[in-house]
Structures are given as C-alpha cells and as structure tokens.
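Colleague: Protein chains in written order, with the working numbering: chain A, 62 to 504; chain B, 62 to 504; chain C, 62 to 504.
What the hints contain is simulated information worked out from the structure, not anything from laboratory work.
Computed from a predicted structure; not experimentally measured.
Worth double-checking, as some hints may not be accurate.
[As the list claims (entries may be wrong)] Residues from chain B that face chain A, not an exhaustive set, calculated with beta carbons under 7 Å:
id, residue
1, Asp126
2, Ser366
3, Gly368
Every residue gets a Cβ at the ideal spot worked out from N, C-alpha and C, and that includes glycine.
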Amino acid sequence: MTPALATPSAATATDLGGQMHELIADLLPICRSITGDGVRETLRRLQELVPLVTHEVPSGTQVLDWTVPNEWNIRDAWVKNAQGERVVDFRRSNLHVVNYSTPVRRTVSLPELLSHCFSLPDHPDWIPYRTSYYSETWGFCLTQRQLESLTPGDYEVCIDATLAPGALTYGELVLPGETTDEILVSTHVCHPSMCNDNLSGVAVATHLARYLQRERRRFTYRFLFIPGTIGSITWLARNEAVVPRIKHGIVLASVGDAGHVHYKRSRRGNAEIDRAVAHVLGRLGKPFELMEFTPYGYDERQYCSPGYDLAVGCLSRTPYARYPEYHTSADDLDFVRPEALADSYATLLAVFDVLEGNATYRNLNPKGEPQLGRRGLYGPVGGGTGERVDELALLWVLNQSDGRHSLLDVAERSGRPFAAIRRAADRLLASGLLAPASTAPES
Amino acid sequence: MTPALATPSAATATDLGGQMHELIADLLPICRSITGDGVRETLRRLQELVPLVTHEVPSGTQVLDWTVPNEWNIRDAWVKNAQGERVVDFRRSNLHVVNYSTPVRRTVSLPELLSHCFSLPDHPDWIPYRTSYYSETWGFCLTQRQLESLTPGDYEVCIDATLAPGALTYGELVLPGETTDEILVSTHVCHPSMCNDNLSGVAVATHLARYLQRERRRFTYRFLFIPGTIGSITWLARNEAVVPRIKHGIVLASVGDAGHVHYKRSRRGNAEIDRAVAHVLGRLGKPFELMEFTPYGYDERQYCSPGYDLAVGCLSRTPYARYPEYHTSADDLDFVRPEALADSYATLLAVFDVLEGNATYRNLNPKGEPQLGRRGLYGPVGGGTGERVDELALLWVLNQSDGRHSLLDVAERSGRPFAAIRRAADRLLASGLLAPASTAPES
Amino acid sequence: MTPALATPSAATATDLGGQMHELIADLLPICRSITGDGVRETLRRLQELVPLVTHEVPSGTQVLDWTVPNEWNIRDAWVKNAQGERVVDFRRSNLHVVNYSTPVRRTVSLPELLSHCFSLPDHPDWIPYRTSYYSETWGFCLTQRQLESLTPGDYEVCIDATLAPGALTYGELVLPGETTDEILVSTHVCHPSMCNDNLSGVAVATHLARYLQRERRRFTYRFLFIPGTIGSITWLARNEAVVPRIKHGIVLASVGDAGHVHYKRSRRGNAEIDRAVAHVLGRLGKPFELMEFTPYGYDERQYCSPGYDLAVGCLSRTPYARYPEYHTSADDLDFVRPEALADSYATLLAVFDVLEGNATYRNLNPKGEPQLGRRGLYGPVGGGTGERVDELALLWVLNQSDGRHSLLDVAERSGRPFAAIRRAADRLLASGLLAPASTAPES
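Starting from the given sequences, assemble the full structure and let the hints guide the process.
Modeller: Pasting the structure below:
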C-alpha cells in the first residue's frame with residue numbers, strides 16, 4: 062500500500078487557517094527584497110516551525126545566464142518638507158520606497174521629486190509596490206492623497222540603504238521519502254509588506270512541510286523559499302543533479318484571498334501533476350479554473366524553460382494582476398482569510414495524496430474476473446459489517462490494471478473519485494489479486 | 062467482392078418479429094438457472110431451429126479463477142398456511158423461488174418466513190427475481206400483496222430442489238466462413254421466466270444464426286448460448302485457442318423492449334465493432350445511445366477482461382436496471398414487442414454487413430485520378446440506364462485507398478453511407494482499379 | 062532572418078484590384094478551352110506581365126492514366142432560321158457553343174435542334190456553359206428566351222471548328238528562391254468568357270507572381286496556368302522529379318466575387334499550408350470558412366491523389382456551384398469586384414508570408430530564461446524609443462524553441478499573431494539567443 066495523506070478535519074482546518082494567518086501577521090512588517098536581511102529574518106522565523114536550511118550565494122556568482130546581484134539593505138527612508146516634517150516615511154510602510162533603490166540624500170525641487178514618485182490615481186489611499194532590481198535608480202511610492210498634498214518647494218529626500226556585495230539568501234527544506242523521486246514546492250519570499258503576494262504562499266508551504274514531515278512519504282518533498290526569478294535560477298544552477306529527480310512540482314503564489322482556486326498547467330500541459338490537480342479540483346464541488354501554461358508568471362517560468370521542462374504548475378486563488386489590491390498596500394491582513402489559507406492547504410494535501418497513491422498495477426488474474434465473492438470482496442446482499450465494498454471500483458481497477466494504466470487513469474476513465482479507486486486497489490493488493498507493474502504508467 | 066447481407070424487407074421483418082416473439086412464448090415457462098435441466102430443455106428447443114451443439118462441463122471443473130458449481134434442479138416449491146393452502150406456489154411462477162435455493166422442508170413461524178422473503182413494495186403485483194448462486198441459502202419471492210396477506214402463525218415451506226454434482230450446460234453454434242476470423246455473438250440463457258432479460262437475446266441470436274447459415278460469409282460466426290458470468294468464464298477457459306480468432310463480438314441482452322437501441326462500447330472504445338455500430342445507428346434516423354465501456358454489465362465483462370481485451374460490445378434496447386420491469390415478473394410477453402425484436406435483428410445484420418464488407422484496398426492508379434469516363438464509371442449527362450453511378454463515392458474510395466484506410470474509414474471521413482462506399486469499391490474492383498491491400502487497415 | 066512579404070497598403074490594394082479587374086476585362090473575350098489557340102493567346106498576354114514559359118504537349122501523349130486529346134479550335138458558329146438570320150451567334154458569346162463541339166454544318170428540324178440545345182429555365186436571360194471534352198458531340202447553349210422564341214421549321218446549324226491532332230498548351234513560371242523547396246500556385250485557364258471562374262484566379266496568380274519576383278524568397282514559387290484536370294495530370298506526368306520539392310501548394314478558383322473567403326483543406330487536413338491559411342484567416346476579423354477536403358473540386362484532386370498526397374489546398378471566395386452565376390454568362394465583369402480580387406491577393410500574400418517565416422529554432426540558453434534586460438529586450442518602464450518590445454512574444458518563442466516547435470506552432474499555442482511571434486524570433490536571433498534548429502518542425 063502506498064502512503065495516504067489525511068484531509069484535515071473541519072476543526073483542524075480552522076485551527077490551521079488561524080495559525081497560517083498568525084504567521085503572516087508575524088512576518089508582515091519585515092522589509093524583504095530579493096536579497097538582504099529581510100529574507101534572512103523571514104527564514105529565521107520559519108526555522109522556528111520547520112527545520113529549513115538557509116543558503117547564502119555571494120553577489121557576483123554566475124547563475125545560468127544571470128549574475129547574483131549586490132545585496133540591498135535599508136535602514137530608513139523619508140521625504141521631508143521645508144518644515145522638516147516626514148511627508149513620506151519608510152517607518153510607516155516599507156512599500157514607500159521603490160525596492161532596491163540606490164542610496165540617496167539630497168534636496169530636490171517638487172518637479173524632480175515627482176519624477177521619482179509612483180502612486181495609484183484610481184486607489185487614492187493605497188501605496189503601490191514598485192521595484193528596480195536591475196536598473197540602478199531610486200524612488201518613492203505614495204498614496205495619491207500624499208502626492209496631491211505636496212506643495213511647491215524644496216524637499217529633502219533620504220534613502221538610507223546599501224547596495225553592495227553580499228549574498229542572495231534562500232531557504233530549502235528536504236523531507237526524504239521512501240524514494241528519491243521528488244515533489245517540489247516553491248514559493249517566493251522576496252516581497253515586502255504584502256500578505257497574499259506572497260506571505261500566503263510562505264505560510265501554506267511552511268504548514269504543509271510541518272504536516273508532511275510527520276507522515277509516511279513515498280516521495281521526497283523539497284520546499285524552496287526563494288526570491289522570485291533570480292532565486293529559482295540560482296537554485297537550478299546549483300542543483301543540476303537534483304533536477305532529474307523532480308517528478309512533480311508546484312509554485313504557490315497568492316493562495317490566501319477569498320477568490321476560488323486557479324491552477325495554471327505546466328508547460329507539458331497534461332503532466333501527472335496537472336491531471337492530479339484537475340481531478341482534485343473537479344471533485345471538490347467548488348468553483349475553480351484551470352489555466353493553460355504561459356511563459357509569464359512566477360518561478361514556473363524557470364522550471365518550465367525548455368532546457369528543464371519540469372512538470373511544475375502554479376496554484377493561486379485569484380491570479381496576480383486580476384485583483385486590484387495586487388502589488389499594493391491593500392494586500393493586507395484583511396485581504397487574506399484563514400479559511401482560504403486552510404482551503405489552499407487542504408487542496409494541496411489532496412493533490413499530494415493523489416500523487417502518493419498513483420501507482421500502476423497489474424491484475425494477477427487478468428483472464429476473466431476473479432471470483433470476488435469467495436474472497437469476501439463482493440458483499441452478500443444486506444449483510445456484512447464494517448467498510449462497504451465499492452464493487453464497481455474493484456471491477457474498474459481489475460479491468461484497467463494491465464500495467465499500462467495508473468490509478469489516476471482509472472479514476473479519470475471511470476469517473477470515480479481517486480480515493481475510491483485507490484481504496485479498491487489496496488483491497489485487491491491485500492487479496493493478492495494485484496501487483497505493482499514493473500513498467501511505468503502509460504501517460 | 063466481399064459478402065453482403067440483405068436488410069430484411071418490411072414484410073420479412075414483421076414476419077421475423079412474430080416468429081421471435083413466438084419463440085419467446087415457447088421458452089417462457091421453462092425454469093432456467095445457471096445449470097440444470099431448464100437450460101438443457103431450452104437448448105433442445107433451439108436445436109429445432111439451428112444446429113447448435115451442447116456442452117456439459119462437470120461440476121467442480123476449475124475454469125479460470127472459478128469452479129463450476131453443483132447443478133441445481135427444482136421440481137416444486139411452496140409455502141402452505143395453517144390451512145394447508147399454497148399461499149406461494151412455484152407452479153404459478155418459477156420466479157417465486159430464489160434461484161439456486163437449497164432444498165428445504167419445514168415449519169416456520171411468520172417472522173422466520175419473512176426473513177426469507179423478497180417483494181417489491183413499489184410494485185405490489187410484481188414478483189421480483191432473486192438468485193443466490195454462490196452463497197447457500199433458500200428464499201421465496203412474493204408480490205407485495207401476497208406478503209401483506211400473510212397472517213401470524215406457522216407455515217410449511219418446501220423447496221423440492223437438488224443441488225448436487227452434475228454439469229454446467231451451454232450451447233454453441235459455429236458457422237464457418239471463408240476465413241477463420243470470427244464474429245462472436247453471445248447471449249445469456251440462464252434467466253427463468255422473463256422475456257426481455259433475456260429470452261429476447263436468445264430469440265434474436267437464434268434467428269440471426271438461422272439467416273446467416275444460408276448466406277455467404279467472410280467471417281466465421283460463433284453463437285454462444287450460455288449462463289451469465291460462469292458460462293463465459295467456462296467457455297473462455299475451454300477455448301484459449303479460439304480466442305485470438307475473435308475479431309469482433311457482441312453480447313445481446315434486453316433486445317426486445319420498446320425503448321431505443323443502446324450500444325455499450327468495448328473496453329477498447331473505438332474497435333471496429335464499435336465504429337461499425339456507431340455508423341449503422343447514426344444512419345438509421347432513429348434515436349439511439351452510445352455508452353462508454355464499464356466493467357459492469359453482462360458477459361462483455363469477461364470478454365473485455367484485460368487478459369483477453371476482446372473487441373466485444375453489448376447491444377440492448379433499454380439497458381438493464383433502467384426499466385422498472387427489469388428482473389421482475391412484469392418482464393413478460395407484453396413487455397417485448399415483435400417490431401422491437403425485428404429492429405434489433407435488422408440493426409445487427411446491418412452491423413455484420415459493415416464488418417463483412419469492411420476491407421482495405423489499394424488504388425492501383427494512385428497518381429492522379431484514373432480516367433473514369435472511358436471505363437464507363439462517369440455517366441454522360443442524362444444518359445445511361447441501370448444503376449446510377451455515385452461518382453463522389455468512387456472518388457472518395459480512389460482517393461483514400463492508399464492501403465491505410467478501410468472502407469469504414471472512408472465512409473466516416475466522407476460522411477457517406479458505408480453501403481455507397483462499398484458499392485463504389487466493388488465497381489472499382491471490377492474495373493481493375495483497386496486491389497486488396499496486403500497490409501491491415503490503419504485503425 | 063527569414064524573408065518577409067509586405068501586406069499591400071490600402072492605396073496599393075485599390076490600385077492592384079483595378080489592375081486585376083482590367084486584366085480580366087482584357088482576357089474575357091477570348092474563347093478558351095482545354096486546348097487550342099484561346100489558351101495560347103491568353104498566355105501570350107500574360108507574358109506581357111510576367112515571364113512565364115509555355116509548354117506544348119502533343120495530342121496523343123500518354124499522361125498518367127490519360128491521353129492528351131485532339132486540339133480544338135473554333136472560328137465561328139451559328140444557328141440560322143429559315144430567313145437566314147443568326148438566331149444563335151458565336152460572335153455574340155462564345156458560351157453559345159458547347160465547348161469542344163465537333164464540327165457540324167447541316168439543316169435540322171426544330172426537334173433535332175432542341176435535342177442539341179441547353180438553357181437555364183430559372184435564369185431566362187443567362188447562357189449556360191457546357192462542355193463535352195471526352196465524348197464527341199455538338200451542341201448550342203442559349204438563353205431560355207432564345208430557346209422559347211424558336212418556331213417550328215428547319216434551321217441551319219454550323220460549328221466551324223476543328224478537332225484534330227495538335228497540342229495541349231500550358232503556362233509555367235518558376236521564381237527560384239533561396240531553397241529548392243517549392244510553393245505551388247495552380248490555376249485553371251481553360252474556361253471561355255467567364256470572369257470569376259476563372260479569370261479571377263488567372264489575374265490574382267499573375268499579380269502575385271509579379272510581386273514575388275521582386276522580393277527576397279526562401280521558397281521557389283511555381284505558378285501553373287493550366288487547363289483543368291488534364292492540365293494538372295499532364296504537368297504531374299512530366300514533372301515527377303519536381304513533385305517531391307513541393308512543400309506547400311494552393312489552387313486558385315473563383316477568387317473575385319463579393320463573397321467571403323473559403324479555404325478547402327488539403328487531403329492531409331492539417332498540413333502547414335492548411336494551418337497557415339487558418340491562422341491568417343482567423344486573424345483578419347472578416348468572415349471566412351474552412352472546408353474539409355473532398356476529392357471533388359479543382360486540380361487539388363490530382364495533386365491530392367494518394368500517389369502524390371501533396372499539401373495543396375484550394376482558395377475560393379464563394380465556392381463553385383454555390384452561386385447561381387456559376388458556369389453561366391452572368392459570371393461577368395460586374396460579378397467580380399476589384400476589392401475582392403485585392404483581398405484575395407492580400408490574403409494569399411499573408412499566407413506566403415507565414416510560410417516564408419515559419420522556421421523552427423533552438424533556444425541557445427534553454428535552462429531558465431535568459432536575462433533579457435541586459436540585452437535591451439526588456440523595456441524599462443516608460444523608457445526607450447523606437448519599436449516596442451513584445452515581451453510576452455519573446456518569452457513564448459524562448460519557451461517553445463526546443464527544436465520541435467515551429468513559429469506557427471508557437472503562434473497557435475500562444476494565441477498571438479504569427480507576425481508578432483516572428484518579429485520576436487528575429488530579435489532573439491539578432492541577440493544570439495536563438496539558432497535555426499537542424500531538425501524539422503514537429504508538425
């Protein structure tokens with residue numbers, strides 16, 4: 062029998078939703094970026110929950126076609142008016158500074174200041190999130206109301222930051238399984254004070270790891286907490302030997318909002334992970350959407366580049382840029398919901414359960430049906446106690462187990478839930494009617 | 062030219078429908094089961110119509126994963142009340158006894174009697190049909206009205222049956238064709254006094270055999286009249302050498318009711334038989350339904366087990382368990398209709414005609430079109446007598462006959478009836494423009 | 062970079078539409094047939110526009126399954142009434158004579174005359190077009206009004222024609238490209254005074270050739286101006302060595318009427334030409350129709366015969382026999398429109414542009430995304446002048462360029478216009494990120 066992962070009970074789910082939301086609240090104030098102490102502090106706190114390992118990759122390291130950039134750290138930043146008042150203040154929100162801004166301290170006129178400012182006219186109370194990783198400049202992000210209140214005159218601008226050789230930091234947690242085949246869970250950890258994008262992904266991944274480390278696992282699970290793009294590129298560059306072991310993978314991003322689940326398929330389009338997610342979502346009785354692969358998005362862009370072509374999809378609730386709060390200060394603690402976090406968690410666990418159980422078997426009595434009755438697998442009418450035998454599931458597994466159809470294939474063809482098919486397979490295994498196929502599944 | 066089977070004329074069809082209905086009426090009173098004299102008597106009467114051979118397989122014979130059970134025969138059965146009146150009487154309907162009941166004769170209280178009784182509360186005047194082949198017990202089937210009229214008190218129950226070593230009996234009729242490739246027609250003959258399930262299948266199969274034995278046949282036809290499940294398992298166990306010769310097959314069950322035709326595809330899903338049936342049904346202008354394979358149903362379960370995976374589908378009118386009369390005394394002579402029997406017969410003949418004619422050819426003049434005009438295959442405008450040449454069908458056959466497309470492929474791609482495509486192929490063969498392809502069809 | 066063909070500007074299109082309409086007007090009076098001086102004169106006039114070569118194939122030459130027929134030429138024809146008046150006069154319309162009529166001069170009664178006459182009762186003012194190439198007879202085509210005005214009495218009929226050994230004439234223009242792979246454009250030139258069928262095809266093909274001869278071409282273009290059926294058969298018979306070089310082809314017929322474009326797929330059904338046309342038509346924002354292959358139609362019948370199976374489709378506006386003017390004198394200069402001719406021309410050019418540019422590449426940096434920013438391929442926000450970089454198109458080309466997907470594959474999967482995908486590929490080539498794949502495209 063293959064390992065089985067339990068769906069959390071309603072009480073457990075509520076509890077977990079609350080814990081994930083608390084973790085987000087704890088991590089929210091930290092000013093993260095693609096490098097620097099914000100990521101280090103974030104990973105340090107996660108280490109209180111799971112035994113992840115941190116890696117430091119020096120600035121200047123060549124990683125695939127890229128170079129690890131200088132490390133950015135920031136202590137303070139502000140814009141002061143002629144009266145010396147902080148009209149923009151990093152201490153109130155780290156989104157006020159364009160992430161990766163170069164250090165600056167000087168007096169500028171209002172027009173020059175405005176040329177370095179970003180705001181959202183349509184959402185006058187929200188601060189936008191902007192970055193400038195690979196082009197050296199500085200800037201401030203303001204609410205539209207702040208911007209409009211600026212009067213002509215000189216302003217003192219200060220960004221007390223450093224952009225200097227250091228390292229890129231990422232976290233990695235490997236939970237060895239019964240096999241070296243891996244399931245990759247990757248989430249970006251580079252965004253400053255925003256909740257859905259992507260402390261939600263960080264929180265769900267962390268709690269999945271907490272659960273999985275206690276369970277029997279066929280697969281080895283690898284969790285990556287990495288800065289977007291440069292982080293996955295760095296990891297791929299350093300782990301060429303690991304890549305072929307990754308059989309399934311999923312990127313988590315924006316998994317805490319109230320919207321329904323969206324899954325973006327891998328580049329392969331119909332990989333086992335794609336089919337497992339589609340099967341699970343199709344059975345939950347809740348709205349969901351399957352999206353075709355595109356080469357734009359999160360780190361699946363790198364995992365699905367043609368030189369790797371890994372079976373990695375991306376799970377979100379409302380996908381990026383489809384909600385107005387995306388990349389603004391309105392992506393806050395109210396925007397992520399404990400029940401949504403718990404639902405994302407439970408969905409992923411159900412997907413992993415399918416992957417764990419999706420073996421391919423051979424019917425050891427392939428000619429005609431075996432006589433199930435004398436093996437106690439065909440319930441006498443009205444009789445029997447204990448677990449009800451799902452006869453049709455037994456017949457489907459027997460009929461399709463020719464070594465070329467996985468249990469997920471059987472579930473799809475029969476239209477029955479994977480769990481029922483798997484339970485039938487387990488009973489047939491126990492009865493000696495089934496054996497693992499030596500050959501790999503057909504699809 | 063390949064053999065062609067004629068569609069019966071309206072008069073012939075009416076005549077045939079009547080004959081099949083009479084055969085059902087003749088066989089109806091016999092108490093059949095999966096073994097015993099009821100099957101023997103049934104087959105004996107069929108032998109008056111077709112030269113089928115009967116086989117007797119001793120009880121205890123190992124057949125695949127199963128064992129041929131003891132033979133069951135019954136003389137009489139009843140429940141008598143305190144006044145000695147038969148309140149349940151086998152002589153009125155053999156459905157009153159749970160088929161394969163063990164012998165019993167004793168006095169029981171009403172509560173004990175009721176624990177051995179089956180009725181249909183929703184259909185108070187119908188007797189249900191119940192069996193207990195592989196678990197030794199006894200029981201009676203009553204109408205709900207009978208059941209409700211039983212008053213407290215003692216009852217004498219008697220089932221004067223024997224369950225003892227004997228044999229399993231089945232009938233087999235082989236009509237050798239020009240080739241040893243076979244078409245299998247299988248129908249279950251184990252049900253007692255019910256008409257649609259499955260004297261309808263028995264009657265249609267018998268009359269198909271009567272017709273086919275007089276016709277030119279490319280295929281060898283094998284008709285099996287067998288008890289359900291154990292019969293096909295027994296036949297398969299004894300005929301390993303025959304199995305590879307079965308190219309197409311069909312199970313007949315419930316083919317006499319007024320509903321429209323349902324065809325359940327073989328496990329392969331798109332076997333030639335599946336496509337032939339779909340083509341025929343799609344052209345008849347009547348409602349029909351194609352159903353996907355499931356491993357539940359009739360003997361196709363055994364033929365389509367993964368160790369055989371034969372191209373065997375199942376033809377019914379209203380499928381089992383979709384009509385309330387199913388497995389009750391209401392499945393009677395009124396429930397089956399001569400015209401429905403004749404329609405099932407004609408549909409099957411049309412399917413066999415497609416299979417007989419579905420050859421794959423090679424255009425002997427594959428470069429450019431051959432000049433049809435000088436061969437009399439392209440009618441001068443307004444001229445000519447006799448059969449109108451279907452020029453488009455000729456062009457389709459010429460165009461697609463590259464040795465990789467069967468005539469059924471051509472019919473499907475062109476959207477033209479198989480008969481028109483086949484007639485065109487016959488004309489082209491006669492003109493020397495076509496030759497049988499040495500290679501097998503692509504699909 | 063692969064060659065690119067410019068879409069004509071609106072002004073150029075108007076101009077071209079006018080020129081093509083004028084060419085049709087110039088060629089309209091000539092009495093063409095499948096052989097004879099009409100075709101020669103037509104080709105001579107085309108030679109004033111493009112350097113096509115004419116071929117003369119002697120009568121009696123065996124071509125595939127056919128024989129080149131005797132040459133037909135006609136000087137005059139008429140039906141005179143008892144008063145010596147020409148009641149039917151070839152000089153008024155060459156449609157009045159059944160094309161390929163045998164010479165005749167004699168006096169006939171009205172009934173005998175009528176047995177040689179064709180008219181269109183539903184369109185009393187139109188002259189039908191009839192031929193009798195392969196069955197020796199003579200006849201006249203009249204308007205219904207002419208026919209009804211014939212009074213009893215004797216008539217003198219005269220067809221002053223010759224049907225004698227000569228030659229079959231066709232035109233061929235080869236525009237060598239950078240490779241010997243060919244695109245075939247075939248159009249029938251055998252119809253007498255009708256415009257849409259098929260002087261429209263002749264005019265569009267001629268002007269496409271005029272344009273293409275001045276452009277850089279990856280493909281060699283071969284234009285055939287041939288009599289229908291016997292012409293393509295003759296060409297195929299004489300060019301066995303050329304046939305394998307034809308990678309894509311299209312037959313032009315009825316491309317000048319006001320209807321929307323119809324494209325009939327090649328026998329292969331999803332050849333590159335089929336997909337290129339579907340892609341182009343799907344992007345024009347105008348109605349169009351894609352039709353499945355049938356073995357009836359124009360010379361694609363011969364090119365798509367199974368011994369060749371060339372990737373040749375057929376482009377029409379309203380397909381033959383779907384407009385009442387088809388094969389009548391009403392297929393005149395008003396029936397073809399300059400703007401429709403120009404639209405057909407532009408559509409074909411866009412298709413050729415897709416074919417010219419549809420290369421398959423290999424991403425030279427296949428592991429992870431290359432850093433586009435430092436190559437100037439990822440525009441800084443709000444900055445830059447000149448061509449806007451289509452980042453998503455770049456990412457799609459990089460992601461899919463694994464040597465197995467052509468740019469047309471990428472365009473189809475991404476849902477973006479081919480031109481955008483190709484422009485992205487050109488930029489990536491220029492940046493050294495892409496190289497031509499040595500292997501052929503997958504599909």
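Colleague: Now tell me, hint by hint, if it's right for this structure.
Modeller: Verification of the hints:
Using the Cβ-Cβ criterion of 7 Å, the hint placing B:Asp126 at the interface with chain A is satisfied: the shortest such distance is roughly 4 Å. The beta carbon of B:Ser366 comes within 5 Å of a beta carbon in chain A, closer than 7 Å, and the hint placing it at the interface holds. Interface hint at B:Gly368: satisfied, since its Cβ lies 3 Å from the closest Cβ of chain A, which is below the 7 Å cut-off.
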